[in-house]
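Chemist: Listed below, chain by chain, are the residues.
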Amino acid sequence: MIEVNNVTFRYSGEAEEGIAPALEEVTLRIGEGETIALIGHNGSGKSTLARLLAAILLPQRGSVIVDGLRTDAGGESLWQIRQSVGLVFQNPDDQLVANTVIDEIAFGPENLGLPRFEIEERVEEMLDLLDLRPYARHAVSDLSQGQKQRLAVAGVLAMRPRYLILDEPTTMIPGRTAEQLLETVRRLARERGITVLHITHHMYELVDFDRVIVMDRGHVLLDGTPAHVLRHREELERAGLGLPLITQLGQRLRARGWSQLPEVILTLDDLKAALCSLK
Amino acid sequence: MLFEVKDVFYTRMRGTPFAVEALKGCSLTIPEGKITAIVGPTQAGKSTLLLTLLGLLRPSRGSVLFRGQDIYQAAFDLEALRLRVGIVFQSPEAQLFEETVGKDVSFGPRRKRLSPAQSRRLVQEALEAVGLPYEEFRTRYIASLSGGQKRRVAIAGVLALEPEAILFDEPMAGLDPQGRQELQALLQRLKAQRQLTIVLTSSSLADVAALADQVIVLHEGRVALSGSSREVLAHAEKLLALDITLPEMTQIALGLRSLWPALRCDVLTLAELEEELARFLPHAASQKPQLSSS
Numbered sequence: 000m001i002e003v004n005n006v007t008f009r010y011s012g013e014a015e016e017g018i019a020p021a022l023e024e025v026t027l028r029i030g031e032g033e034t035i036a037l038i039g040h041n042g043s044g045k046s047t048l049a050r051l052l053a054a055i056l057l058p059q060r061g062s063v064i065v066d067g068l069r070t071d072a073g074g075e076s077l078w079q080i081r082q083s084v085g086l087v088f089q090n091p092d093d094q095l096v097a098n099t100v101i102d103e104i105a106f107g108p109e110n111l112g113l114p115r116f117e118i119e120e121r122v123e124e125m126l127d128l129l130d131l132r133p134y135a136r137h138a139v140s141d142l143s144q145g146q147k148q149r150l151a152v153a154g155v156l157a158m159r160p161r162y163l164i165l166d167e168p169t170t171m172i173p174g175r176t177a178e179q180l181l182e183t184v185r186r187l188a189r190e191r192g193i194t195v196l197h198i199t200h201h202m203y204e205l206v207d208f209d210r211v212i213v214m215d216r217g218h219v220l221l222d223g224t225p226a227h228v229l230r231h232r233e234e235l236e237r238a239g240l241g242l243p244l245i246t247q248l249g250q251r252l253r254a255r256g257w258s259q260l261p262e263v264i265l266t267l268d269d270l271k272a273a274l275c276s277l278k
Numbered sequence: 000m001l002f003e004v005k006d007v008f009y010t011r012m013r014g015t016p017f018a019v020e021a022l023k024g025c026s027l028t029i030p031e032g033k034i035t036a037i038v039g040p041t042q043a044g045k046s047t048l049l050l051t052l053l054g055l056l057r058p059s060r061g062s063v064l065f066r067g068q069d070i071y072q073a074a075f076d077l078e079a080l081r082l083r084v085g086i087v088f089q090s091p092e093a094q095l096f097e098e099t100v101g102k103d104v105s106f107g108p109r110r111k112r113l114s115p116a117q118s119r120r121l122v123q124e125a126l127e128a129v130g131l132p133y134e135e136f137r138t139r140y141i142a143s144l145s146g147g148q149k150r151r152v153a154i155a156g157v158l159a160l161e162p163e164a165i166l167f168d169e170p171m172a173g174l175d176p177q178g179r180q181e182l183q184a185l186l187q188r189l190k191a192q193r194q195l196t197i198v199l200t201s202s203s204l205a206d207v208a209a210l211a212d213q214v215i216v217l218h219e220g221r222v223a224l225s226g227s228s229r230e231v232l233a234h235a236e237k238l239l240a241l242d243i244t245l246p247e248m249t250q251i252a253l254g255l256r257s258l259w260p261a262l263r264c265d266v267l268t269l270a271e272l273e274e275e276l277a278r279f280l281p282h283a284a285s286q287k288p289q290l291s292s293s
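Protein chains in written order, with numbering that gives the first Met the number 0: chain A, 0 to 278; chain B, 0 to 293.
Worth double-checking, as some hints may not be accurate.
What the hints assert, rightly or not - Derived pair list, reagent style EDC-like, types lysine to aspartate or glutamate, alpha-carbon separation capped at 20 angstroms:
{"no.": "1", "chain 1": "B", "residue 1": "K111", "chain 2": "B", "residue 2": "E181"}
{"no.": "2", "chain 1": "A", "residue 1": "K271", "chain 2": "B", "residue 2": "E274"}
{"no.": "3", "chain 1": "A", "residue 1": "K278", "chain 2": "B", "residue 2": "D69"}
{"no.": "4", "chain 1": "A", "residue 1": "K271", "chain 2": "B", "residue 2": "E271"}
{"no.": "5", "chain 1": "B", "residue 1": "K237", "chain 2": "A", "residue 2": "E2"}
{"no.": "6", "chain 1": "A", "residue 1": "K271", "chain 2": "B", "residue 2": "E20"}
{"no.": "7", "chain 1": "A", "residue 1": "K271", "chain 2": "B", "residue 2": "E181"}
{"no.": "8", "chain 1": "B", "residue 1": "K5", "chain 2": "B", "residue 2": "E20"}
{"no.": "9", "chain 1": "B", "residue 1": "K5", "chain 2": "B", "residue 2": "D175"}
{"no.": "10", "chain 1": "A", "residue 1": "K271", "chain 2": "B", "residue 2": "E273"}
To be verified - Just so you have them, the derived chain B footprint on chain A, three or more residues with Cβ under 8 angstroms:
{"no.": "11", "stretch": "152 to 165"}
{"no.": "12", "stretch": "193 to 207"}
{"no.": "13", "stretch": "244 to 258"}
Just so you know, these hints were derived from the structure itself, not from any lab.
We treat Cβ as the ideally placed atom computed from N, Cα and C, and that holds for glycine.
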């Protein structure tokens, strides 16, 4: 479990300029095996929260505790936390270090000092899991953005983290590639019990997650199932987030007289089922 | 026509084992004063096409005409073309190199040896045009700006050269929904107020359908489809097969076709989709007569 207790974080220089802290008194629990979508506008604090969870940033007030270890305890704890929390950045170019695909996946396990056969086994496994086998010996620089993003995820998963944090991994890659990547990640989460925290600003992406956390100006605005969160239309709009179009369409039809339609429609299949019942 | 591209071929890394034919007989026209979106999956040849328009990559075959003149003829003045047609590369925030906003945007005017007063006027107009008030941003450090602001500074840098047309390579990539909306509004404004011709590339029709006067779909170095957004969206199934991201509205309409095969999917707004669906749904008991204007 990751516990975020009353955390406040301010970037240096912001206090003098009178800018509000990036995060203010945030408290959260992230349980084992949950798949969570963290959504919010630019500047809502979602990336800052991700960096605090991965111990890249340390809270100035409050604490972040990963499986019983405080992120600000330093030393051995920090190593353990960095191993159990994997972070994939928005732009894979910020993350990839090696020349070839195989070397990139092996980089993490090598630095953990694992024996050779173990490294090879993990590389093989990741090549299959993330569909990278056709490019195994390719130069990283020759990959497309989508392939690079899959490679970044492979490199992090090869360290066998318990928590996988994805910081807007779908902004730089085209729509369908993004969908496939998210599907793979969710499948892995289910099969291996990895906790996934996916940061996004696309409302339509959140319907496939167990839990949705909405951030606004450094605070947690809403926290619950997708259906629960989407019932709070006004709060979402105040946070600069609109309802997914499919939900809006359902509500428009309801307002137009098809009042049997449910208030919150999340997916195309839900919409189809609801419309069929009208027939 | 501002540009005419006639049967252009281009091979990347020609003469090496990695040679790729990026453009394979590409023909299209770009009208003046309009917004043209070049849409296609990665590797479709979109960026290559932009570079050939500016004379930055010479096609292996075919020709590119600017107002009727072949730009790859020896007598053609490419320098003059590049002053008239600006380009904003992908992730332009990475190409800002000066310390402050004012210095970066004035780089072009200074290179043109304009007087300080003229240069100042151009910088001020360019910054105001992209929604960054001059007095407030002139002395701001580039490093202190957000990604979206940096992108606008890069656009201002090109505007300060007073071009007649600007080519944008994937301008929406990496922006959040609000950033996309702001950029769309900015491009509309530039077209309306400065009569700028705008060409932009995207792998997603979702980002450009509401914006573009003309959509050209590239696939494997050739034009697969072209027309207005609506005309192109009517071929939604084909677009999907080409791995092009469709507007959410079109995706929903397409998904509902399994219930109503005749449902139109060239809908651009939620209101249009609602109207279209209402034609197929049985009348609701509690339905009120008006509301169709909502």
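Chemist: Regarding the pair K237 (chain B) and E2 (chain A), is the alpha-carbon distance no greater than 20 angstroms?
Modeler: violated (48 angstroms)
Chemist: Taking only the CA atoms, is the gap from K271 (chain A) to E20 (chain B) under or equal to 20 angstroms?
Modeler: violated (43 angstroms)
Chemist: Count the residues of the stretch 244 to 258 of chain A whose CB lies closer than 8 angstroms to any CB of chain B, then report whether that count reaches three.
Modeler: Check passed, 11 qualifying residues.
Chemist: Can you confirm whether the C-alpha distance between K271 (chain A) and E271 (chain B) stays at or below 20 angstroms?
Modeler: Within the cut-off at roughly 18 angstroms; holds.
Chemist: Does the structure keep K271 (chain A) and E181 (chain B) at a Cα separation of 20 angstroms or less?
Modeler: violated (33 angstroms)
Chemist: Taking 20 angstroms as the top limit, are the C-alpha atoms of K278 (chain A) and D69 (chain B) close enough?
Modeler: Not satisfied, since the Cα-Cα distance of roughly 60 angstroms exceeds 20 angstroms.
Chemist: For K271 (chain A) and E273 (chain B), compute the direct alpha-carbon distance and say whether it is at most 20 angstroms.
Modeler: holds (14 angstroms)
Chemist: Are there three or more residues in the stretch 193 to 207 of chain A whose C-beta lies closer than 8 angstroms to some C-beta of chain B?
Modeler: Holds: 3 residues of the stretch 193 to 207 of chain A have a Cβ under 8 angstroms from chain B.
Chemist: For a C-alpha distance cap of 20 angstroms, please report whether K111 (chain B) and E181 (chain B) respect it.
Modeler: The given pair, whose Cα atoms are some 30 angstroms apart, is violated under the 20 angstroms limit.
Chemist: Just to be careful, I want the Cα atoms of K5 (chain B) and D175 (chain B) compared with a cutoff of 20 angstroms; is the pair within it?
Modeler: Answer violated: K5 (chain B) to D175 (chain B) is near 36 angstroms, above 20 angstroms.
Chemist: Verify the coverage statement for the stretch 152 to 165 of chain A against chain B, using a C-beta to C-beta distance below 8 angstroms and requiring 3 or more qualifying residues.
Modeler: It is violated, with 0 qualifying residues against the three required.
Chemist: Does K271 (chain A) pair with E274 (chain B) here, judged by a C-alpha cut-off of 20 angstroms?
Modeler: holds (17 angstroms)
The structure fails to meet hints 1, 3, 5, 6, 7, 9 and 11 from the earlier list, while all remaining hints are met.
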